[in-house]
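Now for the letters of each chain:
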Amino acid sequence: MEGAVVLLDFWPSMFGMRTRVALAEKQIKYEYKEEDLRNKSELLLQMNPVLKKIPVLIHNGKPVCESLIQVQYIDEVWNDRAPLLPSDPYKRATARFWADFVDKKIYDLGAKVWKTKGEEQETAKKEFIESLKLLEGELGDKTYFGGENLGFVDVALIPFYSWFYAYEKCGNFSIEAECPKLIAWAKRCMQKESVAKSLPDQEKVYEFLLQMKKIFGIE
Amino acid sequence: MYITPVKQEDLANNMAEEVKLFKTWSTPFGLRVVWALKLKGIEYESIDEDLSNKSALLLQYNPVYKKVPVLVHNGKPVSESLVILEYIDETWNQNPLLPEDPFERARQRFWAKFNEEKLLPTIMAIFTKEGKDREEAMAAWVENLKFVEEELKGKKFFGSEKIGLADLVFGWMANLIGIFEEVTGLKIVDERYPLLLAWMQEFYEHPVIKDTWPPHDKMIIKWQALYENYHPAK
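Each protein sequence line maps, in turn, to chains U and S.
Whatever position you read off the first sequence (first residue = 1), add 3 for this note's numbering.
Reminder that position 31 of the second sequence reads as 21 in this note's numbering, one-by-one numbering, no gaps.
By construction, these hints were calculated from the structure, which means they are not laboratory data.
All residues carry an ideal CB built from backbone N, CA and C; glycine is no exception.
A portion of the hints provided could be inaccurate.
Within a straight-line C-alpha distance of at most 27 Å, the following computed DSS-like cross-link-like pairs (lysine-lysine) qualify [stated by the list, open to error]: (1) S:K122 with U:K129; (2) S:K44 with U:K115; (3) S:K108 with U:K115; (4) U:K108 with S:K177.
If you anchor each label on the Cβ, the simulated ranges turn out as follows [stated by the list, open to error]: (5) S:S36 with U:S90: 28 to 38 Å; (6) S:E106 with U:E45: 26 to 36 Å; (7) U:F211 with S:E181: 46 to 56 Å; (8) S:S150 with U:K136: 18 to 28 Å; (9) S:T202 with U:E151: 35 to 45 Å; (10) U:D39 with S:E90: 20 to 30 Å; (11) S:K44 with U:P89: 29 to 39 Å.
Partial chain U-side listing against chain S, Cβ under 8 Å, derived [claimed, not checked]: (12) Y35; (13) V67; (14) C68; (15) E69; (16) I72; (17) V80; (18) R84; (19) A96; (20) D103; (21) K136; (22) L137; (23) F163.
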């Protein structure tokens, strides 16, 4: 399992954050390389020729692409500590289902919240909150989605928390007012060093978003 | 021989299990699950849904998406075909769909995701759109196929030596490409992709797969009707 680990990433990427959290949970030393997405490095294009996207995890010179695939890879290689997926197949299926739900819903709906206005934005906000409420239901009374410790779904979802402030400012709403249990969960996650050091400051993300809006000509 | 024989004790275990699969007669997503169950020799009950009139059971088993396929194992439901495939592989260990090596597992998962998120939407765009939109979709499709062809170099299947998870996810291409070409009159996978064409043939005729395809005539009627919806005669 030893061998050089490199992560090609972009600091505000929720997907990159997932891999950072997984590496931190397993206490794996790695080299972090910041990519300029408007000027992608030769290494990135060589390691992910198909999608040309970050994050890319490079282990012993071999690339693994797509954040949830990277998290599973990390869990399988460094299987002697901090398991991210449970051992029971049905519980694993449940975790994969909800991580996939985060992928299908949260990113796109969140993007709609900051990219649109008026009716479209109101619909996006409503669907975004509905999706978060479904996740709250899955969390139930557990400390984390993974139970007593961070699990696959926690790692999949917590990066979006760093974008909540930006979504709230753009959409003029309070996520905590609608989903207090989820925010309480997020704050518990932020108490963990692996999460706190992997997520950027919410204000910084908001500033970044404002810059993106200017570039894309969105009001 | 592509299949490892199922052991007697595994058969005995299977008889104590209750496995149900909710699908439709034509869904390619449900078919993936059928293949996984057949490859592992698992007995199951098949329930074909009418999607215009979904059963109460289906809605109870998949309240989040209300879609097929749903696998119900001893009363516990699993939804989303890729999640179901991994569940099957982890629950029944014979004839594995994924190898032990984490890098190889990541490789197959990557291509499964690529198929879901790039190939499927692009083929649907080619099927449903017209004019410039269709041309753009075709261009994207050609780009994607180049990568797929490259990935098949030196391999018999996406799973390498034998059928793996990625092959089951790519499997829809082995019959639907032909059907789409018949219905649209377009050439969708041409001679520029000999490895892919060879894989499609191999998969289509595989002893475990070949009897599972939905009836060709019924499929033509279905897809012809859908095509006419999107391209009404002027």
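Evaluation of the provided hints:
Of the supplied pair hints, the one linking S:K122 and U:K129 is violated, its CA atoms being roughly 34 Å apart against a limit of 27 Å. Taking the CA atoms of S:K44 and U:K115, the gap is about 30 Å. The hint is violated against a cut of 27 Å. Between S:K108 and U:K115 the CA atoms are separated by roughly 21 Å; this keeps the pair inside 27 Å, and the hint holds. Distance check on the hinted pair: U:K108 and S:K177 sit about 34 Å apart at the alpha-carbon level, beyond 27 Å; violated.
In this structure the supplied range 28 to 38 Å holds for S:S36 paired with U:S90, their Cβ-Cβ distance being about 30 Å. Between S:E106 and U:E45 the beta carbon distance is about 29 Å. The supplied range of 26 to 36 Å therefore holds. One distance hint, 46 to 56 Å for the beta-carbon pair U:F211 and S:E181, holds here, with the actual separation near 47 Å. The hinted window of 18 to 28 Å between S:S150 and U:K136 is violated, with their beta carbons roughly 43 Å apart.
Hint check: S:T202 to U:E151, Cβ distance near 43 Å, so the stated range 35 to 45 Å holds. Take U:D39 and S:E90: their Cβ atoms lie about 38 Å apart, and the range 20 to 30 Å is violated. About 31 Å separates the C-beta atoms of S:K44 and U:P89, a value consistent with the hinted range of 29 to 39 Å. About 20 Å separates the beta-carbon of U:Y35 from the nearest beta-carbon of chain S, more than 8 Å, and the hint is not met.
A hinted interface residue such as U:V67 counts as satisfied when its beta carbon comes closer than 8 Å to some beta carbon of chain S; here the least separation is about 5 Å, so the hint holds. The interface hint given for U:C68 is met, as the beta carbon of that residue sits about 6 Å from the closest beta carbon of chain S, less than 8 Å. For U:E69, the suggested interface contact is upheld, since its CB lies about 6 Å from the closest CB of chain S, less than 8 Å. Because the smallest distance between the Cβ of U:I72 and any Cβ of chain S comes to about 5 Å, under 8 Å, the interface hint for this residue holds.
Here the hint on U:V80 is kept, as its CB sits about 5 Å from the closest CB of chain S, short of 8 Å. This hint is violated: U:R84 has a C-beta 15 Å from the nearest C-beta of chain S, more than the 8 Å allowed. Taking 8 Å as the C-beta contact cut-off toward chain S, the hint placing U:A96 at the interface holds, the least distance being around 4 Å. With a least beta-carbon distance of about 6 Å to chain S, the hint placing U:D103 at the interface is held under the 8 Å criterion.
Taken as an interface hint, U:K136 does not check out: its beta carbon lies about 12 Å from the nearest beta carbon of chain S, beyond 8 Å. Among the interface hints, the one on U:L137 holds; its C-beta lies about 7 Å from the nearest C-beta in chain S, closer than the 8 Å criterion. Among the interface hints, the one on U:F163 is violated; its C-beta lies about 18 Å from the nearest C-beta in chain S, farther than the 8 Å criterion.
The structure fails to meet hints 1, 2, 4, 8, 10, 12, 18, 21 and 23 from the earlier list, while all remaining hints are met.
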